[in-house]
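Residue numbers are given in numbering that gives the first Met the number 0: position 341 of the sequence shown equals residue 340, and the series is strictly consecutive.
Be a bit skeptical, because a hint or two may be false.
As the list claims (entries may be wrong) - With a cut-off of at most 20 Å between alpha-carbon atoms, the simulated SDA-like pairs for lysine to any residue come out as follows:
#1 LYS348 x ARG243
#2 LYS328 x ARG243
#3 LYS252 x GLN335
#4 LYS271 x LEU248
#5 LYS328 x TYR311
#6 LYS271 x LYS334
#7 LYS221 x ASP237
#8 LYS328 x GLU260
#9 LYS271 x ASN226
#10 LYS131 x VAL148
#11 LYS194 x ASP211
#12 LYS302 x LEU280
#13 LYS334 x LEU280
#14 LYS348 x LYS221
#15 LYS221 x LEU369
#16 LYS348 x LEU248
#17 LYS373 x SER357
#18 LYS184 x ILE201
#19 LYS348 x ASN226
#20 LYS223 x ASN318
#21 LYS270 x MET307
#22 LYS271 x ARG308
Said to hold, decoys possible - If you anchor each label on the Cβ, the simulated ranges turn out as follows:
#23 LEU369 x GLN392: 17 to 23 Å
#24 ASN212 x ASP237: 33 to 39 Å
#25 ASP353 x ASN239: 50 to 56 Å
#26 ASP353 x ALA315: 51 to 57 Å
#27 ASN212 x GLU401: 38 to 44 Å
Please keep in mind that the hints were generated in silico from the structure rather than gathered at the bench. Just so we're clear, the structure is a prediction, and the values are computed from it rather than from any experiment. Heads up, the beta-carbon is just placed ideally off N, CA and C, and yes, glycines get one too.
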Amino acid sequence: MAFQAGSVSIRRAGGSISGQHGGDSLWGQGGSGGHVGSQSLRVGGSHGGWQAGSGGWQAGSGGWQAGSGVAHAGSVVGHAGYGVGQAGFGVGQAGFGFGFDQAGFAGSGFGDGAFGSVQVIGGEGLFPGNEKETMQNLNDRLAAYLDKVRSLEEANTELERKIKEWYDKHRPGSSTGGPGRDYSKYYQAIDDLNKKIIDATIDNGRIVLQIDNARLAADDFKLKYENELVLRHSVEADINGLRRVLEELTLTKSHQEMQVESLTEELLFLKKNHEEEVKGLKGTPVGDIDVQMNAAAGIDLTKILNDMRAQYEGLAEKNRREAEEQFHKRSGDLKQQISSNLQQGQTSKTEMTDLRRSLQALEIELQSLLAHKKSLEETLAETEGRFCLQIAQMQATISSIEEQLAAIRADMEQQSSDYEQLLDIKTRLEKEIETYRRLLDGQGGSGSSSSGSSSSWSSGQAAKVPNKVTKVRTIIEEIHDGKVVSTRVKEES
């Protein structure tokens, strides 16, 4: 950091004094400089002044801003064509700022102001009295500031040296391998890892989405499985019922078949007996038999046998027809019952299918209604929350309005009371004025006053017209608690 002390030369040159430009060039790394300015000083009816510039510095990017300027104006003393410009000075507050980046310090700086000095050239009697003391004081202060500048320069040099050593020690690629070492060779690997992380995040999100879709599909299939399981149990129950009906029908059928077999065996047995009887009758041995009987003539055995054969054949045919009729009747009833049961089973199956479809439709409708109910409940909860918030806001507004209304009502009552009081006072004043008017007109009367314990009114009318009498009438009223206690009238001529 470089500091330059400015100076002001005071010369006797035809009654004028000029002020030279002070020093500048504040230095700060990444900062701005301060300077000391000056103005000309003239004597001989003109005035001059010396102004110090602002000093300071600014740290680099990432650091702090420090430093400020202090300016002290000079003054002019003119005696016998001479002028003095007091030294001005600008001081910037010392600052120290660090800005940290990946490699370390980004900027630092130190600053102080520049100072001016005064050099007096002239005769011994140039400044009489206070002017000499003032200049001595200024020179002492300037010397103190210069000492401070030198100490700050030394401190700044030491800090610059330490900062330079720190940069040399921690610069990228240094042997210490500190926090400022070069990581540029890892940037590509870091970018690749970041890309992999982003890709993995995207894949993870896609997988999570697929898992959610699979979970939803699994829930759907689970619901369908439960519905199909319920339908399966219902169908199995119906099948078990139909199986029991089928077993009963099978038992009935076997019983009917047994009856048919027994009837068939009976029919065969009857046929066999009939054939045996016929064969027995036909197989009677023929021989010479001489039978002499005292019987009536004219009995025809062949005819009798033929009649018996016809009778048994008719009986057998009758039994066969009856058996066939009974068989057909029972088998017809059985077939009718079987067809009726089959028709009932088909009807039951159709009804079961319709009921299954209705059940599925109702379950779907139930799921939709449950979802609709849930959405309505959520909407209701949200609406209730919103309305509760609105009600709370309205309640707060109502409370505020009620408070304002109460305040307005109290104000109105106060104003009404004031108005009534003023109206009462106005009425009393009007009555009093009317009474005074009547008294002035000579009509007399009594009135009331608005305030005070007693009041007096005097009126006089003096006329300087000849041939007229001047009278003075005095009315005295005593009022107690707003009421007229007594009234007296005095007349003087």
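Status of each hint after checking the structure:
1. Using a Cα cut-off of 20 Å, the hinted pair LYS348 and ARG243 holds, with the two alpha carbons roughly 16 Å apart.
2. In summary, the hint linking LYS328 to ARG243 is not supported, as the alpha carbons are separated by about 25 Å, beyond the 20 Å threshold.
3. Taking the CA atoms of LYS252 and GLN335, the gap is about 12 Å. The hint holds against a cut of 20 Å.
4. Distance restraint check for LYS271 and LEU248: the Cα-Cα separation of roughly 34 Å exceeds the 20 Å cut-off, and the hinted pair is therefore not satisfied.
5. In summary, the hint linking LYS328 to TYR311 is not supported, as the alpha carbons are separated by about 25 Å, beyond the 20 Å threshold.
6. A threshold of 20 Å between alpha carbons decides the hint, and for LYS271 with LYS334 the separation of about 31 Å lies outside it, so the pair is violated.
7. Between LYS221 and ASP237 the alpha-carbon distance is near 24 Å, which puts this suggested pair outside the 20 Å criterion.
8. At roughly 15 Å between alpha-carbon atoms, LYS328 and GLU260 fall within 20 Å of each other, so this suggested pair holds.
9. The straight-line distance between the Cα atoms of LYS271 and ASN226 is roughly 66 Å, outside the 20 Å bound, and the hint therefore fails.
10. The straight-line distance between the Cα atoms of LYS131 and VAL148 is roughly 25 Å, outside the 20 Å bound, and the hint therefore fails.
11. Taking the CA atoms of LYS194 and ASP211, the gap is near 25 Å; set against the 20 Å cutoff, the hint is violated.
12. Using a Cα cut-off of 20 Å, the hinted pair LYS302 and LEU280 holds, with the two alpha carbons roughly 13 Å apart.
13. A distance of roughly 43 Å separates the Cα atoms of LYS334 and LEU280; the hinted pair therefore is violated under the 20 Å criterion.
14. Pair hint LYS348 plus LYS221 does not hold up; C-alpha atoms about 26 Å apart against a cutoff of 20 Å.
15. About 17 Å separates the Cα atoms of LYS221 and LEU369, which keeps this hinted pair within 20 Å; it holds.
16. For the suggested pair LYS348 and LEU248, the alpha carbons sit about 18 Å apart, so the restraint of at most 20 Å is met.
17. Restraint check: the Cα-Cα separation between LYS373 and SER357 comes to about 24 Å, which exceeds 20 Å; the hinted pair is violated.
18. Restraint check for LYS184 and ILE201: the C-alpha separation of about 27 Å exceeds 20 Å, so the hint is violated.
19. About 18 Å separates the Cα atoms of LYS348 and ASN226, which keeps this hinted pair within 20 Å; it holds.
20. This hinted pair does not check out: LYS223 and ASN318 have alpha carbons roughly 64 Å apart, beyond 20 Å.
21. Restraint check for LYS270 and MET307: the C-alpha separation of about 15 Å stays at or below 20 Å, so the hint holds.
22. Between LYS271 and ARG308 the CA atoms are separated by roughly 14 Å; this keeps the pair inside 20 Å, and the hint holds.
23. A C-beta distance of roughly 34 Å is found between LEU369 and GLN392, which places it outside the suggested range of 17 to 23 Å.
24. Checking the proposed 33 to 39 Å range against ASN212 and ASP237 shows it holds: the Cβ atoms sit about 37 Å from each other.
25. Roughly 20 Å separates the CB atoms of ASP353 and ASN239, a value that falls outside the hinted 50 to 56 Å.
26. Between ASP353 and ALA315 the Cβ separation comes to about 55 Å, which falls inside the hinted range of 51 to 57 Å.
27. A hinted range of 38 to 44 Å for the beta carbons of ASN212 and GLU401 is inconsistent with their spacing of about 57 Å.
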